[in-house]
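Student: Chains as they are written, first to last, in the numbering used here: chain Z, 1 to 167; chain D, 1001 to 1085.
Keep in mind that the hints were calculated from the coordinates and are not lab data. Values in this document were obtained by computation on a predicted structure and should not be read as measured data. Careful: at least some of the hints might be erroneous.
[Stated by the list, open to error] Computed beta-carbon distance windows for the label pairs:
no., chain 1, residue 1, chain 2, residue 2, range
1, D, D1014, Z, A106, 48 to 54 Å
2, Z, I163, D, K1002, 41 to 47 Å
3, D, G1076, Z, A117, 17 to 23 Å
4, D, K1002, Z, L144, 43 to 49 Å
5, Z, E124, D, E1022, 36 to 42 Å
6, D, S1015, Z, S153, 30 to 36 Å
7, D, E1023, Z, A106, 38 to 44 Å
8, Z, S18, D, V1028, 43 to 49 Å
Using N, Cα and C, we set each Cβ at its ideal position, and we do this for glycine too.
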Amino acid sequence: MSGSEERQQASAEIAPESLSESARSALAIVEEICSLSRLQMRPVVRDSDATYLNIELVGEDAGVAFGRGVNLDALQYLSNLIVMRQVHGEVRVVLDAGNYRANREAALRKLALDCAAQVKERQEECEIDPLPPHERRIIHNTLLDDPEIRTYSEGEEPNRRIIIAPR
Amino acid sequence: MKAFIEHLVQAVVDSPEEVRVEEEPGEVATKYRVHVAPSDLGKAIGKQGRIANAMRVLAKASAMKEKRKVYLEVVGAPAEVNQEM
Chain Z
1 MSGSEERQQA SAEIAPESLS ESARSALAIV EEICSLSRLQ MRPVVRDSDA TYLNIELVGE
61 DAGVAFGRGV NLDALQYLSN LIVMRQVHGE VRVVLDAGNY RANREAALRK LALDCAAQVK
121 ERQEECEIDP LPPHERRIIH NTLLDDPEIR TYSEGEEPNR RIIIAPR
Chain D
1001 MKAFIEHLVQ AVVDSPEEVR VEEEPGEVAT KYRVHVAPSD LGKAIGKQGR IANAMRVLAK
1061 ASAMKEKRKV YLEVVGAPAE VNQEM
């Protein structure tokens, strides 16, 4: 499973020296963007596994400027675009600021469970509004172990959306 | 701000040396006109303007602190890409 509960609880800073070379390069890319933005914020690594590098933006301006979805998603999108171009090896940056992702993840999990309950009751498919890939992943993972339903995605980015269906 | 936009654009195109950002100060807003190599136009814009839009969002976030307005235009992009402000 996703291990996202563990990730949320982990709040210690992971020293860059203990990261893989590609994760360190990805971190450097986010660091450079932060410093050039002239905002008071810097990236702190909270967790990392083989693929995902979880970074929290900390500092005076982080919560104000990036504690909202649009800004955070824009920075995450561009960071990953640059990482894909410049870093060898698969590494994906997940950004958070002001606890936005944790709150959002809780809301998405609730949405997934509510829709699943409705699907079971009515035995009808339920379509969720378009979500970015990392948010769809949360919905999929939340319902992965439910034997009564299945989830799949339909449509093209940025209008790709999840369908929850009876199995 | 100019250096910030320049950096972002240079990082997503194939010919960073051809990236040029013009700064045009106005009374209420500063306009940034981004020039890239013709072959890089798609790279700077992205599907449905997604890349240009993400850069615009970041430029606005950076300008917010100084309470300035920012317009970002990718020169040569379709009007609808540059209108998303």
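Student: For the range 41 to 47 Å, tell me whether the beta carbons of I163 (chain Z) and K1002 (chain D) fit it or not.
Tutor: holds, 45 Å
Student: The hint says 43 to 49 Å between K1002 (chain D) and L144 (chain Z); measuring C-beta to C-beta, is that right?
Tutor: 46 Å Cβ-Cβ, so the 43 to 49 Å window holds.
Student: Does the beta carbon distance between G1076 (chain D) and A117 (chain Z) stay inside 17 to 23 Å, or does it fall outside?
Tutor: The hint (17 to 23 Å, Cβ to Cβ) is violated, given that G1076 (chain D) and A117 (chain Z) are roughly 50 Å apart.
Student: State, for the Cβ atoms of E124 (chain Z) and E1022 (chain D), whether the hinted interval 36 to 42 Å holds or is violated.
Tutor: Violated - the Cβ-Cβ distance for E124 (chain Z) and E1022 (chain D), about 55 Å, lies outside 36 to 42 Å.
Student: For the hint 48 to 54 Å, verify it against the beta carbon of D1014 (chain D) and that of A106 (chain Z).
Tutor: Cβ of D1014 (chain D) to Cβ of A106 (chain Z): about 41 Å, so the range 48 to 54 Å is violated.
Student: With respect to the beta-carbon atoms only, verify the hint that S1015 (chain D) and S153 (chain Z) lie 30 to 36 Å apart.
Tutor: The hint (30 to 36 Å, Cβ to Cβ) holds, given that S1015 (chain D) and S153 (chain Z) are roughly 35 Å apart.
Student: Mind checking the hinted window 43 to 49 Å against the Cβ distance between S18 (chain Z) and V1028 (chain D)?
Tutor: 48 Å Cβ-Cβ, so the 43 to 49 Å window holds.
Student: Is 38 to 44 Å right for how far apart the beta carbons of E1023 (chain D) and A106 (chain Z) are?
Tutor: holds, 42 Å
Violated hints for the displayed structure, listed by number in ascending order: 1, 3 and 5.
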